[in-house]
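Number of protein chains: 2
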Amino acid sequence: MAHPPTKPPVAMDDIRSARARIEDKIRVTPVMTSATLDALLHARVFLKCENFQRAGVFKTRGAFNAVFSLSDSEAVRGVVTSSSGNHAAAISLAARTRGIRAYIAMPKIALQSKVAAVRRYGGEIVWVAGRGEIPTSDEFEAAVARIQIETNATTVHPYNDRRTIAGQGTCALEFLEECPDLDFMLAPVGGGGLLSGTAVAAKALNSDIKVIGCEPAMADDAHRSLRAGRIIPQTMPRTIADGLRTSLGDLTFALISTGVDDIVTVTEDGIVAAMRLAWDILKIVIEPSSAVALAALLERRVPAEGKKVGIIVSGGNVDLDNLPWNKK
Amino acid sequence: MAHPPTKPPVAMDDIRSARARIEDKIRVTPVMTSATLDALLHARVFLKCENFQRAGVFKTRGAFNAVFSLSDSEAVRGVVTSSSGNHAAAISLAARTRGIRAYIAMPKIALQSKVAAVRRYGGEIVWVAGRGEIPTSDEFEAAVARIQIETNATTVHPYNDRRTIAGQGTCALEFLEECPDLDFMLAPVGGGGLLSGTAVAAKALNSDIKVIGCEPAMADDAHRSLRAGRIIPQTMPRTIADGLRTSLGDLTFALISTGVDDIVTVTEDGIVAAMRLAWDILKIVIEPSSAVALAALLERRVPAEGKKVGIIVSGGNVDLDNLPWNKK
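First to last, the protein sequences are chains A and B.
Throughout, this note's numbering is defined as the position within the first sequence, counted from one, plus 65.
Throughout, this note's numbering is defined as the position within the second sequence, counted from one, plus 65.
Extracted from the complex, chain A is given alone in its bound form:
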C-alpha cells in the first residue's frame, strides 16, 4: 500500500524565502571559469566561489537565514550551537549582525584560526571537555542542551535544520540564475546541509540537471548511507577535508535520498592535487573540503566530458602555516 506523499522538510519556497531574508546581508559570490581548467578536463567548468562569501564559507547563508528567522522575542535570548569550524564563525557573524548573543560550544582542540574567527565575530565560546581527547557528538549535544536550558537561547544545528538547509540552498539558486543550463552540479557532502539545499534548488530550477555529492573515500558515510537506504554514521574519519567528517542527519538524509543523483568518492591525494590546482591555475584560496568536488572531476568520477559542470567551491578557510604540500 502506497504511503501518502509527504511534504519534503525543505522546499523551493523555503529557499526563495531565505534568499529574500538574507540577500542584503550576504555576498552574491562570483562564478569563475578557466580555459586552462576546461582544456584539462575536456568540459566547461563553472565554479561558484563561496570561499569569497562572508566569513569565507557558504555556511554564512544558513547561519543568517536561521538567525534572521527568529522572532524578536526569540532573538533576544540569543542562539546556541556546537561547531569546531566554519559554522561557529558564521553563526557568530550572523548573531552580531542581528545584535544578539551567540553561544558556541567548541572543543579545546579546535584550531586556533577557528577560535580566532569566532572571537573576531563576537561569539561566546563555551569549552567542551570530553572523556576522550575529542568530545563525542553526544558530549557536544549535552553541552548545547545545558546552555540552551540556562539561557533559553535557540539552537541552530550546523546542517540538520530546516533554516540552515534553506539558507545553503540560496547558493545553488544564485548559481543557476547565472548559469541556467548546467548539466551537472557538484557539491561536497559532510553533514549534508549544502548538498540538501543544492538538490532542492537545482531540481526545482532545472529538472534535467544531475546533482552529484562529492565525498572523501576516507569519510564515505553519505555514499554508504545512500546505498544502504539508512544513515550509516561516520566513525573517526581522518580525511584532510576536515569540514566533511560529520555524518548525515535525518533531514539531510531524506533530502539527499530524494534529490541527489549520485555520490562519488575521491582519494586524499586527489583532494590535495585539486586544492593545489585551484590555487595554481585559478588563483583562489580554497580549503580541502572545497577541493573534493574538483577532485571528482580530476579523478574522472563524473561523466563530465563535453558537458557543462557547476562546482560549488564551499569555502576558503585554511591554515597557511600548515599547507598539505609543505608537509614532509
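To be clear, the hints were calculated from the coordinates, so they are not data collected in a lab.
Do not rely on the hints blindly, as some may be mistaken.
Remember, identical chains collapse to one label, so a pair may be satisfied in a single copy or spanning two.
[To be verified] Here are the simulated lysine to any residue pairs, SDA-like style, with alpha carbons at most 25 Å apart:
(1) K72 x I199
(2) K179 x R341
(3) K90 x G371
(4) K275 x R366
(5) K179 x K268
(6) K373 x T101
Since the structure of chain A is provided, determine the placement of chain B on it from the hints.
For chain B alone, kept in the frame of chain A given last:
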C-alpha cells in the same frame, strides 16, 4: 625660455584603442572588497584583481595590445622579447592567440614555473648565457637583437614600449569605469609599464585622483629617480618582489614624472605580511609584487584614512612550494 609642449608618448586615445583591440581576448577582471580589510585600514579599499587575468597577470593586456597591433606582414615574422617572468608567458599566449611565433630570451636560472608557463603557451625559448651567474641587461639586449636580425621578428619590450604601456592602461580604465570616484589609485612599480599606463588613464578619467606608485624599499630606483629628476638604474636588488627588480625606461620615466603624485616604499616584512593578509582574508592568491601596494596601506605610507582607495593587484603567479612564510 619655455619648451613647446610635447605630445606624451602614450595618451588616453592610445589606451582606448588598446581596449578596443584586446577586449574580446582578455578578461575584465573583478573588483573585490572586504569589510574586514576596510575595518583594519580605516578606509574603503577596492582591489582590481589582475591575478585573475589570463596568464595570471596584468601583463597579458600589454602583450595582447602589442601583438595585435602588428600588421599581417609584421606578424608573420613573429615577436621577440626577453623576460624571465610574467611578460614571457603573456607574450607567448598573445602570439599563440594570433597564430604567430614568439621567441623568448630567458636566463638559464629562470624559475621552473615560469619556463613551464612559456612552454604551455607555445613560446620558443632561447637560453641566454651571461658571463656572470645572471646575464646582464646588456647581454639580454644583445640576445634579443641577434634573434631579431635572424628572424626579422618584432621586438616587444616588457615595459618601455608604447604598445605595452597603452595595454597596461586598460586596467585602470576598466577600474575607474566600475569605481569612478576613487580618491587614490595604487599600483606597484618595477619597470613602470603598469604605473605609466595607470597614470595616463586615471588622470584622464578623474583629474582629482592621486596616483601612487608603490615600491620595495630594497628596489627603490623609481622613488630615487623621481626625486632626482633622472633615471637612476637599479643594481642587483634582492627584494622578494621579483617582478619589481627592473629599472625605469625613458618612456615610463617620462610618463611617471608627469602623471604620478608620489612613489612610496615598503619593507620586505610588510610585503610578506600584506601577501599573507590577502590570502587569509580575501582568499586570493597574489604574488609578492602584487602585495606591495597593499603593504603601502598596512604600513601607513598613504594618507588613506576615510578615503576610497583603489589597488591594482598585479598578478598571482607564485611558487606554492616556496612560500615566504614557510621559509625558516
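Violated hints - listed by number, lowest first:
Per hint list: 1 and 5 violated.
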